[in-house]
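Chemist: Below are the chains, spelled out letter by letter.
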Amino acid sequence: MTLAEVPPEVTTAGAATPEFERAAAKAESRRGFLLAGPAYLYLLIFFAIPLGIVFAYSFANRNRFGEAVFTDAGFDAYRRLAAPIVRDILFRSLWLALLTTAICLVIGYPFSYYLTTRSSKVRNILLVFVMIPFWSNFLVRNYAWRVILGKDGVISRITDFLGLGELEILFTPSAVVLGLVYGFLPFMILPLYASIERIEMSLIEAGRDLYASGWQSFRRILFPLSRPGVIAGSILVFVPSLGAYVTPEILGGAKTTLLGSYIVTQFLTARNWPVGASLSFVLMAVMLVATIVYFRAGGRNL
Amino acid sequence: MTDPVPAVTITGITKRFGDVTAVDDIDLEIGDGEFFALLGPSGCGKTTTLRMIAGLDFPTMGSLQIFGDEVGTLPPNKRPVNTVFQAYALFPHMNVADNVAFGLKMQKVERAERDRRVAEAVGLVQLGGMESRRPNQLSGGQQQRVALARALVNRPKVLLLDEPLGALDLKLRQEMQLELKALQREVGITFVFVTHDQEEALTMSDRIAVMHEGRLLQVGTPEEIYQRPANRFVADFIGRTNLLEATVASSEEVVLSNGMRVAAASEHPTGTKVAVSLRPEQAFLYRRGAAPAGWPTIDGVLREVTYVGNALVHTVAVDWITIEVRTPYRSTETTPEVGDEVSVSWEPGGVTVVGD
Amino acid sequence: MSVIARGPLPGGRVPRVRQRAGRWSPTRAALGVNAWFVYAFFYAPIALLVVFSFSADRNVGRWGGFTLGWYEDFIRNESVQDAIWVSVRVALLSTVISVVLGTLAALAIERFRFRGRQTFDALLYLPIIIPDVTMAVMMLLFFSEFFDLLNLLFDADLRKGFASITVSHIAFNISFVSVVVRARLAGMDRRLEEAAMDLYASRWKAFRHVTLPQIAPGVAGGALLALTLSLDDVVVTQFAAGPGATTLPVYVFGLIRRGVTPLINSVSVVMLVASIGLVILSLFVQRSRSGSAAGPQGVPAANRARRST
Numbered sequence: 031m032t033l034a035e036v037p038p039e040v041t042t043a044g045a046a047t048p049e050f051e052r053a054a055a056k057a058e059s060r061r062g063f064l065l066a067g068p069a070y071l072y073l074l075i076f077f078a079i080p081l082g083i084v085f086a087y088s089f090a091n092r093n094r095f096g097e098a099v100f101t102d103a104g105f106d107a108y109r110r111l112a113a114p115i116v117r118d119i120l121f122r123s124l125w126l127a128l129l130t131t132a133i134c135l136v137i138g139y140p141f142s143y144y145l146t147t148r149s150s151k152v153r154n155i156l157l158v159f160v161m162i163p164f165w166s167n168f169l170v171r172n173y174a175w176r177v178i179l180g181k182d183g184v185i186s187r188i189t190d191f192l193g194l195g196e197l198e199i200l201f202t203p204s205a206v207v208l209g210l211v212y213g214f215l216p217f218m219i220l221p222l223y224a225s226i227e228r229i230e231m232s233l234i235e236a237g238r239d240l241y242a243s244g245w246q247s248f249r250r251i252l253f254p255l256s257r258p259g260v261i262a263g264s265i266l267v268f269v270p271s272l273g274a275y276v277t278p279e280i281l282g283g284a285k286t287t288l289l290g291s292y293i294v295t296q297f298l299t300a301r302n303w304p305v306g307a308s309l310s311f312v313l314m315a316v317m318l319v320a321t322i323v324y325f326r327a328g329g330r331n332l
Numbered sequence: 098m099t100d101p102v103p104a105v106t107i108t109g110i111t112k113r114f115g116d117v118t119a120v121d122d123i124d125l126e127i128g129d130g131e132f133f134a135l136l137g138p139s140g141c142g143k144t145t146t147l148r149m150i151a152g153l154d155f156p157t158m159g160s161l162q163i164f165g166d167e168v169g170t171l172p173p174n175k176r177p178v179n180t181v182f183q184a185y186a187l188f189p190h191m192n193v194a195d196n197v198a199f200g201l202k203m204q205k206v207e208r209a210e211r212d213r214r215v216a217e218a219v220g221l222v223q224l225g226g227m228e229s230r231r232p233n234q235l236s237g238g239q240q241q242r243v244a245l246a247r248a249l250v251n252r253p254k255v256l257l258l259d260e261p262l263g264a265l266d267l268k269l270r271q272e273m274q275l276e277l278k279a280l281q282r283e284v285g286i287t288f289v290f291v292t293h294d295q296e297e298a299l300t301m302s303d304r305i306a307v308m309h310e311g312r313l314l315q316v317g318t319p320e321e322i323y324q325r326p327a328n329r330f331v332a333d334f335i336g337r338t339n340l341l342e343a344t345v346a347s348s349e350e351v352v353l354s355n356g357m358r359v360a361a362a363s364e365h366p367t368g369t370k371v372a373v374s375l376r377p378e379q380a381f382l383y384r385r386g387a388a389p390a391g392w393p394t395i396d397g398v399l400r401e402v403t404y405v406g407n408a409l410v411h412t413v414a415v416d417w418i419t420i421e422v423r424t425p426y427r428s429t430e431t432t433p434e435v436g437d438e439v440s441v442s443w444e445p446g447g448v449t450v451v452g453d
Numbered sequence: 009m010s011v012i013a014r015g016p017l018p019g020g021r022v023p024r025v026r027q028r029a030g031r032w033s034p035t036r037a038a039l040g041v042n043a044w045f046v047y048a049f050f051y052a053p054i055a056l057l058v059v060f061s062f063s064a065d066r067n068v069g070r071w072g073g074f075t076l077g078w079y080e081d082f083i084r085n086e087s088v089q090d091a092i093w094v095s096v097r098v099a100l101l102s103t104v105i106s107v108v109l110g111t112l113a114a115l116a117i118e119r120f121r122f123r124g125r126q127t128f129d130a131l132l133y134l135p136i137i138i139p140d141v142t143m144a145v146m147m148l149l150f151f152s153e154f155f156d157l158l159n160l161l162f163d164a165d166l167r168k169g170f171a172s173i174t175v176s177h178i179a180f181n182i183s184f185v186s187v188v189v190r191a192r193l194a195g196m197d198r199r200l201e202e203a204a205m206d207l208y209a210s211r212w213k214a215f216r217h218v219t220l221p222q223i224a225p226g227v228a229g230g231a232l233l234a235l236t237l238s239l240d241d242v243v244v245t246q247f248a249a250g251p252g253a254t255t256l257p258v259y260v261f262g263l264i265r266r267g268v269t270p271l272i273n274s275v276s277v278v279m280l281v282a283s284i285g286l287v288i289l290s291l292f293v294q295r296s297r298s299g300s301a302a303g304p305q306g307v308p309a310a311n312r313a314r315r316s317t
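Chains as they are written, first to last, in our numbering: chain A, 31 to 332; chain B, 98 to 453; chain C, 9 to 317.
Keep in mind that a hint or two might mislead.
Listed next, the in silico DSS-like pairs over lysine-lysine satisfying Cα-Cα at most 25 Å (straight line) [stated by the list, open to error]:
1) C:Lys213 to B:Lys202
2) B:Lys175 to A:Lys56
3) B:Lys254 to B:Lys202
Because the hints were derived from the structure by calculation, they are not lab data.
Based on the provided sequences and hints, a complete structural model is requested.
Modeler: Right, here's the structure in full:
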């Protein structure tokens with residue numbers, strides 16, 4: 031090796047130091063922040079601030095003209111949620127949401143179990159046909175019932191033909207429950223299917239082997255093992271049913287005001303913003319709690 | 098004339114992740130053209146060391162040179178090294194040819210030159226005709242070759258390999274060991290590879306660095322490491338051995354825990370607790386009293402004999418421990434049977450003293 | 009996250025075929041009957057709606073002979089045409105913007121540690137779990153306060169309409185897109201990016217040539233989801249829309265509340281066909297990519313649930 035080929039002198043400038051490592055980590059952090067920046071800023075302005083405004087209004091008062099004002103702000107609006115009319119609406123909403131959940135579970139459980147007994151090819155096709163209504167336009171699917179249930183509609187003519195008289199359930203709580211079940215049944219089926227599908231069939235066979243009857247093996251083995259799916263599915267049906275707005279508006283009558291419609295009314299017609307705001311916050315709290323339960327039940331993995 | 102410049106020079110490198118010190122003040126030189134192994138159990142810092150050479154992690158402290166150029170703070174795309182990743186990390190959306198051509202494209206090597214070099218690299222790893230296949234259409238061994246070609250096509254100054262054979266089954270792994278070695282001789286560049294498999298390291302490398310808990314315990318040729326382990330951990334990790342607790346009596350002699358004096362050179366001060374490493378194949382088994390005169394001998398009872406194909410492994414219970422003795426298997430010989438009274442013996446100087 | 013997440017087969021595993029003893033039992037028969045009942049329940053109303061959209065009778069649920077008249081009405085109706093136009097513009101614009109912002113957000117959260125990351129993560133989830141009605145109320149109050157303020161400060165004449173609808177749709181779509189893209193990113197081997205950098209790619213080129221092609225199905229799925237949600241939304245839009253502009257679902261919703269007419273049948277069928285077209289497209293996107301896919305199905309049912317009350 032000649033002298034000219036001797037490599038250049040080692041410079042220490044490029045050696046690593048804790049300062050360099052920190053600077054590199056900082057640059058990395060800055061990059062992340064910049065990437066998140068646009069969405070962060072957007073959600074702060076157009077989500078966090080609106081949420082804050084609603085929160086503020088839930089503590090507001092109303093002046094003589096019914097306008098929301100912040101003098102004497104306090105828990106007035108929350109206290110008024112205990113008024114009989116609001117309480118009735120809350121209970122009715124809860125009851126209809128529970129009923130919807132129960133019906134979905136009773137229909138959805140055997141259906142999901144049935145799916146798991148099919149061959150994989152058939153099962154895929156069957157699932158796609160659950161998926162299609164799941165993703166198609168919700169408003170239109172509710173409207174379809176309006177057409178069917180209406181006066182002279184298909185249903186009432188069938189019952190008439192059968193000699194049961196014209197069935198008039200449109201604009202009743204029954205119609206609302208029917209619409210909610212129709213809308214949310216897929217939300218029950220899909221997590222149920224996911225949790226039943228992963229249960230080892232051999233466990234049920236083992237149960238049968240140990241002299242369990244069909245009912246016993248369902249009650250003692252299948253059902254307990256599919257519990258995460260039952261919980262997840264129930265929450266997925268219950269929560270949107272509780273806050274439902276479109277379905278009761280289309281299929282329900284004046285006497286079946288539910289939570290969602292009541293909140294909307296507070297803003298659009300009654301102009302009682304504080305009560306509407308506090309009620310939406312209560313609804314949100316229910317939703318948050320349910321979401322936490324959902325994740326606890328393993329919803330993330332379903 | 099000057100000394101040849103090492104391919105990789107690591108001086109005082111430390112890497113901390115929060116409170117955890119992954120690599121603790123390492124000094125290491127890897128020579129030009131060496132096949133070098135970083136060996137150690139998982140979590141010993143070997144992969145972190147490799148990643149720092151590649152530029153995928155920055156050291157907390159220290160100097161890292163490649164052929165004399167300081168690169169410690171350069172990003173991976175500015176370093177003249179390439180990596181064969183664990184599980185290969187082939188781009189699943191590109192075919193073999195595009196995978197191999199990726200580095201050249203990024204370096205803006207012109208089309209004709211690129212095609213020529215890709216063809217050459219694909220030929221080198223014997224994948225001619227597979228150019229338009231996707232990674233998921235290849236076997237594990239073929240994917241490994243693509244990963245090699247993808248790195249080598251860039252003519253790196255140093256090739257880094259992270260557990261290159263870890264994903265292959267035993268038979269294929271043994272084939273690839275030889276093939277990798279041949280490939281390295283053919284291309285003549287420095288290979289640095291990480292493995293937790295001591296047998297693989299011994300078979301393939303020119304030199305081995307044994308790491309444990311972020312520290313470098315010993316660097317040497319496979320023979321040095323096997324025959325003269327620097328400490329108890331290395332002796333135990335590399336191959337199989339019997340470790341007999343002992344105390345240094347003088348620079349020429351140690352005392353075993355049963356009071357027996359054994360000739361063994363050591364540099365430890367008198368009175369130091371050490372261990373004597375007796376390799377199973379360097380121990381001999383005799384019927385009680387038949388050991389050659391002048392050889393260190395320990396009496397015991399034969400507890401178990403295991404036939405392992407070309408050898409017999411005997412487990413002998415002596416006073417305070419059990420000792421493993423490995424003897425070549427010859428069907429014509431009669432050997433002691435389980436329950437027999439035997440002696441374990443070794444040639445004077447056939448043991449190594451290892452400290453903590 | 010994946011009821012649906014890995015598409016029709018949760019977990020992406022090869023499904024086991026359950027043992028089926030060939031013998032008949034009342035339980036088995038009941039299960040089969042129940043299944044067919046569920047499918048009839050799902051599809052009969054939709055089918056009947058389609059049938060009656062071709063009925064000449066003015067009563068929406070009675071058959072009065074075949075006609076295409078209501079579709080002609082639909083095509084001639086300017087309010088409907090305007091609403092469709094607004095819907096399409098809102099959907100496309102909000103999808104494009106939320107896909108960009110949502111993908112960047114997903115990258116930031118999955119690939120970087122930065123200050124405020126956890127707050128951002130929570131903020132990103134909120135629009136998914138918040139009830140529709142609450143979100144609607146938020147938009148109403150925000151736009152009335154915000155526009156009042158701007159109008160006062162700058163003597164401007166801002167009104168709710170196209171812009172406020174789009175803004176509110178982006179506010180929920182960002183979150184849905186980022187959830188879908190995140191699922192995809194989380195499933196991607198990070199070593200691929202490292203390998204690209206090791207092979208002389210700069211950060212940008214590694215993203216462009218390796219990360220982006222890998223997450224493309226997730227981005228496409230997120231976009232389809234955003235389109236669907238935007239075209240589906242009634243409540244939030246109703247509150248964010250002023251007199252200036254309205255979307256098709258809000259317009260139809262208004263019509264239904266005033267009383268059903270055969271025109272609504274034909275508009276509904278068109279909306280239905282469009283939404284089913286999107287579903288099939290997304291299933292197709294999912295199928296055409298091997299490996300784990302994230303179509304709209306890449307979103308937990310909870311997400312979908314929230315947008316359809």
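Chemist: Decide, hint by hint, whether the structure agrees.
Modeler: Against the structure, the hints:
1. A distance of roughly 11 Å separates the Cα atoms of Lys213 (chain C) and Lys202 (chain B); the hinted pair therefore holds under the 25 Å criterion.
2. Proximity of Lys175 (chain B) to Lys56 (chain A) is assessed by CA-CA distance (about 20 Å); at most 25 Å being required, the pair is judged to hold.
3. Between Lys254 (chain B) and Lys202 (chain B) the CA atoms are separated by roughly 18 Å; this keeps the pair inside 25 Å, and the hint holds.
Comparing the model with each numbered hint stated earlier shows that all of them hold.
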